[in-house]
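**Student:** Now for the letters of each chain:
Protein chains: 2
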Amino acid sequence: MSDIKAAVPLHLNGPVLLQQLRALGEIGADPVAGGRTRVALTDAEKAGRDQVVAWMRELDLHVQVDRIGNIFGTLPGPAKATSGQLNEVPRPLMMGSHIDTVINAGALDGCYGVLGGLAVVRAFRDAGIVPSRAITVAAFTNEEGARFHPDMMGSLVHAGGLPLEEALDAIGTDGARLGDELARIGYAGEMTPGTLVPHEYLELHIEQGPVLEAEGLEIGVVENLQGISWQQITVQGNANHAGTTPTRLRHDAGYVAAATVAELRRIAVESGTTLATVGTMTFEPGVINVIARRAVFTVDMRDPHEQRLAASEARLTEFLKKIAQEEGVRISTERLARFTPVVFNAELADVIEASARRMGLSYKRMTSGAGHDAQMIARIAPAAMIFVPSRGGISHNPREHTDDDQLVRGAEVLLDVVAQRLGVAQQAHLPQ
Amino acid sequence: MSDIKAAVPLHLNGPVLLQQLRALGEIGADPVAGGRTRVALTDAEKAGRDQVVAWMRELDLHVQVDRIGNIFGTLPGPAKATSGQLNEVPRPLMMGSHIDTVINAGALDGCYGVLGGLAVVRAFRDAGIVPSRAITVAAFTNEEGARFHPDMMGSLVHAGGLPLEEALDAIGTDGARLGDELARIGYAGEMTPGTLVPHEYLELHIEQGPVLEAEGLEIGVVENLQGISWQQITVQGNANHAGTTPTRLRHDAGYVAAATVAELRRIAVESGTTLATVGTMTFEPGVINVIARRAVFTVDMRDPHEQRLAASEARLTEFLKKIAQEEGVRISTERLARFTPVVFNAELADVIEASARRMGLSYKRMTSGAGHDAQMIARIAPAAMIFVPSRGGISHNPREHTDDDQLVRGAEVLLDVVAQRLGVAQQAHLPQ
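First to last, the protein sequences are chains A and B. Going letter by letter, the first sequence gives residues 6 to 437 in our numbering. Going letter by letter, the second sequence gives residues 6 to 437 in our numbering.
Chain A with its partners taken away, still in its complex shape (with noise of 0.2 angstroms):
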């Protein structure tokens, strides 16, 4: 390790961060609307990737694409000979998020996790440090799922939670299959998925909520995640005149929804730690004189303990028998996902915890309410991540802010817990 302790403290390039963070956010753009789309393995999503590939081969990067479509650029580390044992595949350690967008997105969900990859390879190779590992910067196909589910697929396939031929006979929401859309845009690699497992796996990204920013920090330790339930719900009831029918009468499918609404926001504050949200819903036949007949739902519940999720699907369960009854209605719901809460490994948000705290900046550990490709490969590597703020919780929209300074102090983290990692000289990221 002689050689490393003799090289040049490594320091993070802010400027070269932001730069490409915007230079990736012109990509897909839309002048007139604001934003950027680039849904996953559209001609605009290829140009997100052509622009990463680019960005890692200029790094000089070892660049592989698996069958899934997963992007990986490899800084090796020291040569073979040293790593001791033959037969063993060296694992690295993987930094990673994903680039693809929902329509109409902001600059950050996903690129600063990958960018931030970029730019802490950046200072090893500025420093011209080996580092004692190889370090890889991940790019996941389809995190969003706003064309193709289920969504954080590229993590959940390379961590053998999807079979691969099931993922690439996806279809889309425009009935394109997800393999003939890979191959198209060329990005159908020959790896296996699962080839590159992590020694540890490190996720850099925006909150995507307010909680930072309302507590005025700087820094989340993210030390779990919320388990997650999506269901879509389906009333059966009866259209009649709006003005004739007595409301014992009624099989009002919109009263039940409506109903059912407010019961979940009951359940959300009695729980606690329950975030239940019904964000879209249609009455049919939506006339402002009849009575709806269908009322067709989704329900998103999560929770960070999984006998607190399974308790909150309970209740509501209970309470659509009931109303059910009551209204003289059918119910019938549809799981549309249901993913256990992950608790990330603890020794790495210590770490994180370590590096913020000797970097001076305020943090707190926290639960990450939105799912990422990190809790799929928590399955397969020791994995934690690093939050920064999200202005006014606003993402997944062109008003998606985080702030420049707070986007490099992010990234000096994310360098600083890889140098811890990799055994580099600590005192190179004191604050100077």
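No lab work stands behind these hints, which were simulated from the structure alone. Each residue gets a CB set at the ideal place from its N, CA and C atoms; glycine is no exception. Some hints could be false.
Examples of chain A residues lying across from chain B (beta carbon under 10 angstroms, computed) [to be verified]:
#1 Gly165
#2 Gln213
#3 Gly214
#4 Trp235
#5 His246
#6 Arg270
#7 Thr279
#8 Ala297
Chain A is fixed; fit chain B onto it per the hints.
**Tutor:** Leaving out everything else, chain B in the frame of chain A:
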């Protein structure tokens, strides 16, 4: 009156009435979806008008069309010399309703009142009886309001409640101007609206509600009509991430809309007489994991008592104020329609009740939940309505249905009431 007493008994020709209902129901019919669509002043509705006018001419009625397109077919009373006063325009006994429909409608709503009126006139023709007062059958323009607002337009203009020019300038959902469409289909008549002020007005209609069927009754003696309050409510909140926004920091437009629907049910139940319906509801942006930024919904409230309707409206307003504050959202309301309750003429209702009783029919005095042309005509003349049962209370739907014998019985009651009012010998109308 000696000529009347000498006449053969008045007899309602049920088969012709039923045949005309079926024939009119074929105009605008959709052989695939079922139902028929004769939205006001479309080609299909013109075809329906032409048919009704042809039937009026078959009965040798004097057909007049006014400037808003209302059609009147009049069976003259005794020759003018016998009417006594020179400068008085004789006021006819009027029966009527409408033949325009909603989209994908049943065959009875409105048509039953017009063709029932023609059946009454036919009974006079068949019996060779000249009535002691002219009898007019009216088909009013645009009762449904499916294309042009407001609904009940023709009768409202006829009653002087809406200036003719304003009605002619109404723009339809398809962008067409009502006056242009009237001219296009050839029903922009020359008569000044309101010329034919009825002496009394009777409207035969299907109930469009479940009350008569549920109580096993044959005739509804409609003595009043609910007040109607229509509002559109817009809730403006903030779109935030469903997984990261704590409940206390939410400004959830969807939740506020849903809580309002639940509150409206409480208002209805607690008032005892108010009906409240939310038939339309939209959430924006309408994404499963995004808190609704905006919710737009309509409120249909009805009550036969003006004070209670106003009280229910006030409770809603109070609730909106409170919840807007609690959730931190902006709420705006737009009044779409407001009709005060109508009390029909008690003497006419008594005559209807007496006819039903004398004919051995089961009946109840009741409130009309729906709006009808009769409520407009009630502004200028004594008016009342006769209801027959609607199967399942279903209307505005291809499944709208009333049994043939119930349809004929309702028209027989109408004939009997007309005979009573015109002093025709009663024994002709006793059950045989």
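**Student:** A separate judgement is required for each hint: does it hold in the structure or not?
**Tutor:** Evaluated hints:
With its C-beta approaching chain B no nearer than about 24 angstroms, Gly165 (chain A) sits outside the 10 angstroms limit, and its interface hint is violated. About 5 angstroms separates the beta-carbon of Gln213 (chain A) from the nearest beta-carbon of chain B, less than 10 angstroms, and the hint is met. With its C-beta approaching chain B no nearer than about 3 angstroms, Gly214 (chain A) sits inside the 10 angstroms limit, and its interface hint holds. Taken as an interface hint, Trp235 (chain A) checks out: its beta carbon lies about 6 angstroms from the nearest beta carbon of chain B, inside 10 angstroms.
Satisfaction of the interface hint for His246 (chain A) is found here, the shortest Cβ-Cβ separation to chain B being roughly 5 angstroms, below the 10 angstroms cut-off. Interface restraint check for Arg270 (chain A): the shortest CB-CB distance to chain B comes to about 6 angstroms, inside 10 angstroms, so the restraint holds. Among the interface hints, the one on Thr279 (chain A) holds; its C-beta lies about 9 angstroms from the nearest C-beta in chain B, closer than the 10 angstroms criterion. Look at Ala297 (chain A): its Cβ gets to within about 6 angstroms of chain B, closer than 10 angstroms, so that hint holds up.
Hint violations for this structure: number 1 only, all remaining hints satisfied.
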